[in-house]
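S.K.: All chains, please: the whole structure from these sequences, using the hints.
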Amino acid sequence: MQTWSRIHRQLAALNEGTSAIFRVCVRLFFSSIFRWRLGLAIAVVIAGPVAAAEIQALSVTEIAPGIFVHNGVQEEASPANEDAIANIGFIVGDETVAVVDPGGSFAEGHALRAAIRLHTEKPIRYVILTHVHPDHIFGAAAFRGDYPDFIGHVKLAGALAQRGDYYLRRLQGALDEGADGTEVVPPTVPVADRLALDLGNRHLVLRAHRPAHTDNDLTVFDEKTRTFWLSDLLFVDRIPVIDGSLVGWLKQLEELTAISADRAVPGHGPVSVPWPAAAEPEWRYLAAVARDTRAAIKAGISIASAYRQVANSERGQWLLFDDYHPRNVTASYKELEWE
Amino acid sequence: MGMTPGILGRAALCLCLIVWALPGSALAERTEEQRAVRWADLRHAIFGDRSLQDAGELVVIDVPARAEDAAIVPVAIRVADTLAPEIRGLYLVIDDNPSPLAAHFLLGPAADARELATRVRIDDYTYLHAVAETADGRLYATARFVKAAGGCSAPAGKDQELAQERLGKMKLTLDQRVKPDAPVKTKLLISHPNNSGLQMDQATRNYIPADFIQTLDVTYNGEAVFRLESDIAISEDPSFEFGFRPSDPAASGVIKAEVLDSSQRHFSQSWPVPAAPQM
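In order, the protein sequence lines correspond to chains A and B. Just so we're aligned: 303 in the numbering used here is position 303 of the first sequence, and the numbers increase by one with no gaps anywhere. Just so we're aligned: 1212 in the numbering used here is position 212 of the second sequence, and the numbers increase by one with no gaps anywhere.
These are computed hints drawn from the structure, not numbers from a lab. Idealized CB from N, CA, C, for every residue including glycine. Incorrect hints may appear among the rest.
[Claimed, not checked] Computed beta-carbon distance windows for the label pairs:
1. L250/A with P1180/B: 20 to 30 Å
2. T1204/B with I259/A: 34 to 44 Å
3. Q56/A with T1031/B: 34 to 44 Å
4. A192/A with E1086/B: 52 to 62 Å
5. D146/A with S1268/B: 52 to 62 Å
6. K1187/B with R315/A: 26 to 36 Å
7. Q1034/B with I259/A: 52 to 62 Å
8. Q1264/B with I259/A: 39 to 49 Å
M.R.: Next up, the structure:
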């Protein structure tokens, strides 16, 4: 270990040297930010009242009585779409309102809140966070002033601790000032198995799931309209992202499709789809990835090239296929090579 | 392993992190000159004034030019048949990673130096350097450029519960039955988060502690195949593909892997290796 220790002392010294330059860069950067912020502050003071009136309410569709969903665009996060790429929305009861995913940025959360206020003045009592991915929950800070319960899977807090900072920096990289105000908001109410909410003559049943899309997926069932809000356990048109467990997801789908509902809300795709018919393409893709990845591992094909021969029949069936399919195969390979 | 370098290293990492926190636009793409200076510095830090020969075809890095997942980039170092018997050490350097020396393999008498593969995290578009060291101290260097970004601070752990349950478990696959005169191709998986310590918990403003494999010793019938000295650059659930040569292929044996991680946990596991069929 002596060589290793010596080398590390040398490398540490080297990094100290470069970091002096970095520190100067950091100072310069922040001083320019400060000037910019000051300018903005002055602009806001002047234009404040106008700006406040100009908050654009997010467009929402009432898919069933009292259930409103915004249709996320099928794109990657960009300054133009403010990370409004997922299906998010709210459910209105006789007494209170529950938000199901506050959106992908502070800006989107703010616009969702404005949309809620176009429909109702009832208090926003719950903000449900369906899983750790930023396109669904990074708008949470826009609801802080409502003092709601922020409800998430029991594992959401840990996942946010691991990933929140990284996601935030990535969002800042993608949106620049479009990410302003976006914060990581940890859940205040964990769900380990089930949780029933009463919005006033309207019961919601929240279920925490075993690892599938992520290891912290939460679904919402509205008993009044038999609407099953699956969020990212259901992808329609857009390629599913495997970030929990492929085998687990296939197993979850068996259980979920056995639940009868009048309609489902996917995390990506149309705002309302027939259930369980809409799960068929997702099941087909995941099953193909599992089958072909197992075959690739057995044939000794490396993790780097496996995706080229996995689930090729699915190419052309999904939006953003090339953006996510190789990573899905890498993740599946890593999971399945332990079998 | 003294504590000081570790702490210094972590402090340096934290300083680097401040820079990563800036939006991408604040950092211009490095020029070739800057990359050359970086390598000159690293080379001096690792090898001092020793001279490095251009390896040409003798040592090759095999890595995808563009990584699909920067947290799991497969890298293989291949050494030509003619040079392999002389090789006693292999260094893998990822120039622009926060902790650039990703791995140092010390090869034992049972090793086959012709191919060693693992998976690494890559934090930015960077050169990878592999340096092979002979028993008499000659150094052969080669480089490859890789387009990948965000691997070191990228979130690991798709299933945290499973990661805890499986911590330290290993899986070994022998690619083929032992044949006389041929090395036994082997794949070793170790379940370990190999956490980089570069993920900040926004709720507590603390960094999730680094937790990584420091050394891995692989032996066959007590004879060293290799020792790995390593760091946070190795991907979660470290994977190693290597070959070894039994001193007596006609006899069965036992291959053993021993891990020491940065939390001072020891893990070890052994697997039987069947004898080669008699010719």
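S.K.: Which of the listed hints are not met by the structure?
M.R.: Result: hint 1 breaks, nothing else.
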